[in-house]
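Visitor: Listed below, chain by chain, are the residues.
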Amino acid sequence: MQMREPVADSRQPAAYDLPDATGHFGPYGGTFVAETLQAALAELRDAYDACRKDPAFQAELAYELEHYVGRPSPVYHARRLSDELGGAQIYLKREDLNHTGAHKVNNTMGQALVARRMGKPRVIAETGAGQHGVATATVAARYGMECVVYMGTEDVARQAQNVYRMKLLGATVVPVASGSRTLKDALNEAMRDWVTNVADTFYIIGTVAGPHPYPMMVRDFNSVVGKECVVQMPALAGRQPDYVLACVGGGSNAMGIFHPYIPHEGVKLIGVEAGGLGIATGKHAATLSAGSPGVLHGNRTYLMQDADGQILETHSISAGLDYPGVGPEHAWLKDSGRACYVSITDDEALAAFHTLCRTEGIIPALESSHAVAHAMKMAPTLPKDRILLVNLSGRGDKDMHTVAKASGITF
Amino acid sequence: MSRIAATFERLRGERRAALVPFVTAGDPSPAHTLGIIRSLVANGADVIELGVPFSDPMADGPTIQRASERALRAGTGLALILDTVREYRREDDRTPIVLMGYANPVEHMGVAAFAARAKEAGVDGVLIVDYPPEESAAWVQALAGAGIDPIFLLSPTSSEARIDLVSRMAKGYIYYVSLKGVTGAANIDTADVERMLARIRSSTSVPVGVGFGIREPETARAIARFADAVVIGSRIVEEIERAEPERAAAQAGSTLAAFRAGVDAAARDKAAA
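Which chain is which? The protein sequence lines are A and B, in order.
No gaps in the numbering here: position 360 of the first sequence is 360 in the numbering used here, and each next residue is one more.
No gaps in the numbering here: position 69 of the second sequence is 480 in the numbering used here, and each next residue is one more.
FYI, nobody ran anything at the bench for these hints, they're computed from the structure.
These numbers were taken from a predicted model, which means no experiment stands behind them.
Even glycine gets a Cβ: it sits at the ideal position worked out from N, Cα and C.
Some clues are possibly wrong.
These stretches of chain A come out as covered by chain B in the derived footprint (C-beta under 8 angstroms, 3 or more residues) [said to hold, decoys possible]:
| id | stretch |
| --- | --- |
| 1 | 20–32 |
| 2 | 35–43 |
| 3 | 177–186 |
| 4 | 293–299 |
| 5 | 305–316 |
Cβ-to-Cβ under 8 angstroms is the rule here; a few derived chain B residues that face chain A [claimed, not checked]:
| id | residue |
| --- | --- |
| 6 | Gln476 |
| 7 | Thr568 |
| 8 | Ala683 |
Using the sequences and the hints given, assemble the complete structure.
Guide: Rendered as structure tokens:
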């Protein structure tokens with residue numbers, strides 16, 4: 001697809017250049033890790049800074065994104081869904097069409113190239129739903145790197161197909177049985193591996209969290225999503241959207257589509273968190289909606305925590321949103337009012353999943369179904385000439401068992 | 412003079428390194444912590460490092476993570492730990508107590524409120540693993556206001572600039588992490604540690620302790636010949652894990668006694684040299 005320059009926007013983009021030099025987004029972000037990791041992070045900051053400024057690196061990344069990942073992904077006008085809802089027009093950014101089936105590969109491709117520049121032959125990753133693990137195993141296979149993926153035993157059980165996928169791609173999957181046995185514990189374990197094997201190992205973090213420079217670097221690599229939309233929307237719809245919606249667990253697909261839109265003041269940004277069984281039940285993962293600030297996994301951000309500052313176990317039907325923290329830039333966008341955050345329950349996400357399947361022939365990931373569900377709530381309340389752009393961050397093939405089980409079907 | 416400074420001054424007179432056991436507060440349950448502290452002090456501890464359990468102990472190995480999980484399951488929290496310290500202070504006004512843990516429980520209480528309550532309870536120093544010097548301005552100020560020493564880590568990978576930064580900010584003692592990895596990992600190379608300690612000492616007069624990977628009394632003896640303090644963590648916590656709860660204090664104490672013999676032997680080695 002030919003990319004065109006964005007048409008001029010009458011609303012002047014406002015300057016936005018966070019994080020600051022030490023990785024802070026207002027009071028959030030930072031480098032809250034033990035001394036044992038500081039040298040590794042300093043090495044990574046320098047290496048990534050050099051990559052950022054190197055046209056050869058950017059050209060290599062652009063080439064891989066086009067020819068290996070399949071970018072740009074299209075924006076699709078979901079006309080039947082919009083007509084059925086009878087209000088605003090819903091557009092879907094089709095990250096589900098990427099190689100490996102989600103936005104995650106944008107980031108793993110970028111970090112793998114940084115790892116190669118740093119001469120690290122071994123990559124490690126944490127994964128929840130398995131999408132980031134698959135995306136990491138994929139690029140590791142592509143470049144002949146050793147790959148170890150940490151995954152909570154709870155997630156290993158509910159995402160068995162992705163575990164097999166990673167193994168097919170040559171990765172070693174290490175089940176993590178500590179703590180709540182989910183994404184946060186996999187992240188703890190990956191950090192321990194990194195601190196022990198730092199000389200030859202690159203840690204590919206899968207979301208916009210962790211110590212600086214990860215939140216910035218992962219955002220940068222995913223912001224190709226939003227940059228494409230800024231060009232595609234005027235070409236397809238005649239203008240930029242009124243609202244941009246994305247699901248938020250750690251928040252990488254949301255930061256990817258939000259970031260290029262931050263200077264477009266007329267575009268409202270809405271993050272959709274996992275409401276699980278409902279906020280009132282306590283069984284959810286809506287960190288920004290119901291959590292409070294604290295320090296976890298190397299950064300200051302909103303967290304799900306108890307009265308003693310211990311991290312709470314979260315619940316979501318989608319493993320990819322089941323995380324008790326959130327990227328620090330989202331914390332800042334919330335506090336500054338530039339973005340707002342809402343939540344969608346498991347049941348609402350499931351209903352949206354089925355609706356999108358039936359009306360558009362698109363099977364969305366359960367994560368992305370949260371964003372679709374909120375768009376479906378909003379659309380009928382808005383005039384027909386309003387535009388909602390939803391980041392359809394991944395495809396739902398991996399969720400067949402979960403959805404079937406929720407419908408009482410066994411294979 | 413603070414309890415930590417007084418302890419190191421006394422030990423300088425004895426030409427002996429401080430023996431610093433680490434145990435997780437509330438492991439196996441809060442009811443056992445006082446007894447364990449008493450047993451450690453009776454068996455030769457000079458400073459007590461009391462771990463504040465956290466749900467996500469990223470810098471720790473499996474032994475201390477399991478201890479944290481046991482302590483949290485048994486209902487341990489920061490306020491309860493401060494109560495334990497306060498109670499212990501009634502019987503021992505000499506042995507310094509250093510809390511060691513992660514930022515979030517302290518931030519949740521509020522750093523100023525924590526500093527005031529820790530001072531009132533009789534805490535002498537605090538090491539927050541994930542508060543590096545760069546992120547510690549408010550933290551150090553809060554502790555200074557309460558007269559509590561901020562303890563910082565240095566590691567084999569610390570740059571010259573970071574050694575200088577920590578040297579400027581640290582009080583009480585500096586905790587040198589003697590290997591790359593997490594707590595409880597393999598044994599250490601004492602010659603490497605000695606070289607690094609010499610480098611750190613060229614920047615600061617604050618005592619330097621060594622911990623992570625000291626699993627045998629003989630290693631403690633080798634380290635104690637040149638370090639100001641020797642920290643024994645996972646090795647003691649393993650004993651507590653293995654013992655029946657009512658035997659945990661005695662078992663921790665007898666294990667520490669062997670390390671004390673190592674540290675005493677190092678003092679004799681130095682005197683003979």
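Visitor: Would you pick out the hints that fail for this structure and give their numbers low to high?
Guide: Failing hint: just 8.
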